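Work out the full structure: start from the sequences and follow the hints.
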Amino acid sequence: MEVHLSDAERVFIVHGVQEGIRNDGRGASDYRPIRVETGVLSTTLGSARVRLASTDVLVGVKAEIDEIDCKQTEKKGRIRFFVDCSANATPLFAGKGGEEMAEFVSTALTDAYSNSKALDLSKLVVSTTKAWTIFVDVVVLECGGNLTDAAALGAKAALADARLANVRIKASDSEKSEIELTDDAYFDSWQLDVIMAPLLVTVNKIGWSNVVDASLQEEVCTKSALVVGVASSPAKGDLVTLVRQTGRGSLEPDSVDEMIALGVRAGNSLNRELDRILADIGRTQTNRNELVSAAGFLSS
Amino acid sequence: MSVEMTCPLDATTASGSGRVSELKNMVTPGGRVAASAGFMRGHGTYTIDGDLHASVAGVVEQVNKLVCVKPVKSRYIGEIGDVVIGRITEAQQKRWKVETNSRLDSVLMLSSVNLPGGELRRKSLEDELMMREYLHEGDLISAEVQQLFHDGSLSLHTRNLRYGKLSQGVLVKVNPSLVKRRKTHFHNLPCGASVILGCNGYIWISRLVNEQETHTGGYAQNLDEVVPLEERQVIARLSNCVSLLASNRVLLYDTTIISAFDISLQYEIKELLKVDVGAEIALEVRAKLATETQ
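Residue numbers (the working numbering), protein chains in the order written: chain A, 54 to 353; chain B, 27 to 320.
It cannot be assumed that every hint is accurate.
Claimed, not checked - Facing chain B, from chain A, some residues (calculated, C-beta under 10 Å):
(1) A61
(2) G69
(3) V89
Just so you know, the hints here were simulated from the structure itself, not pulled from any lab data. Treat the numbers as computed from the prediction; the structure is a model and nothing was measured. By construction, the Cβ of each residue, glycine as well, lies at the ideal position given by its N, Cα and C atoms.
Shown next, in the form of structure tokens:
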């Protein structure tokens, strides 16, 4: 739904944020309850569904074996992000309306992951000329504010869930080498190490205060926002992989420093929570020893 | 900094309240309701080959010979005298279009509003040109349904000092069926905030309305005033209570909102956003209502 606000509502929200209490009682650095499920789509190598209040995104991961770009010095695979803002989410996204938003989120994800310290893409190499290309598709089912953060959470969870089959390259007589896929694609597979995969945190400037996880109404009152890509692990500390400004307004340099600091703190908490959830899910899956049925999607 | 994440492994599925089993006459669109002979066709039904079928998904209601199907989820259908809260979508010649969560935008005629200052006179050409000064796009108003047009759209009026433009506060949107038609929809709650329960599912929560202040006709707005922190906390807690009552399908009226507020005082305001906390509070509100009605 397109969000309209009266002037008085706008003033109420801005004053509230500046006093430290938002319309739903949260503080500036509090997130709304998040629900993460993985393994929800059986046709993908990995999938996840993230619900952040009423924002709902579904992410699927697929992979293909491609030629390595011979111009690159280091051999590594590729990762591509596609975001689809469908009209299901809100009538605003009908036709070409959702393209701008989709473009923004997919470039933010691509740039955040393009840091060499984030995801180790050299593990995707299969032979001297071939490597996996990973495709991450994000579908926006419902938009309730803070789409970027939800999409990044979904992407990391789906990548953690993805199982890539073990592959052997057989040198054959002809120039082309043969790719041999293992018989048991589920158990003879490996998973990506996503501990340093970045999450995106949108820090919105409302009035003179900074908040994370803005609701739809708060996004209308935002003049400018900063999207910070944060990867963090207990061993390696925090890593900022992206700082991108969005919105019509401009920011003072001091504000930018404050917003990045808030974004890093929030990103650190998000990463820790998500890693804990993914570890719980991983542990349950190994304990079960059979195929986990995809029961998450289509059930509440 | 608080980030709370759950996954299906640790989520406890809240069991339904058990009321679903009582609704034995639920139908789906196309389902046969009754034989057409001897029954009058009400809303939500149609006849095919002498049989009455449901056109919406819902519960069959029968009053003597009138059979109708009440839909489970539908837009707001107005009745004369309902108090509604709406948002101005456009200002046209001599009237405003108001969005009220119904099938069509409602209409607020220029002749149906009180002029600022409370003066009573016929609206002149200057008033027509000044319409946007009174109410412009995006403003929220509280109004009453004056009449229904043939196409089902509503004509509203604000010819009472209680109605008019709404100032600083929070709007919560719920399903219209959760707001029952009662004697009064304007409540000044003892916790220190005022609530307007619009029959169209729009609930307006703001600071306490002083009775003397409404003599201006409701159009004066002071955008510079800052609502103090304690009142903001009450408003935030109330808005979370209304949302959790709505998502747990508890009827909304002053008693349920006040009990939910009192029960919620043991939690922090932002904890009320969690699904399990909401379910627990809704359960306690239901239990409290059950004991009080006995």
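Tell me the hint numbers this structure goes against, listed in increasing order.
Checked against the structure, no hint fails, so every one of them is satisfied.
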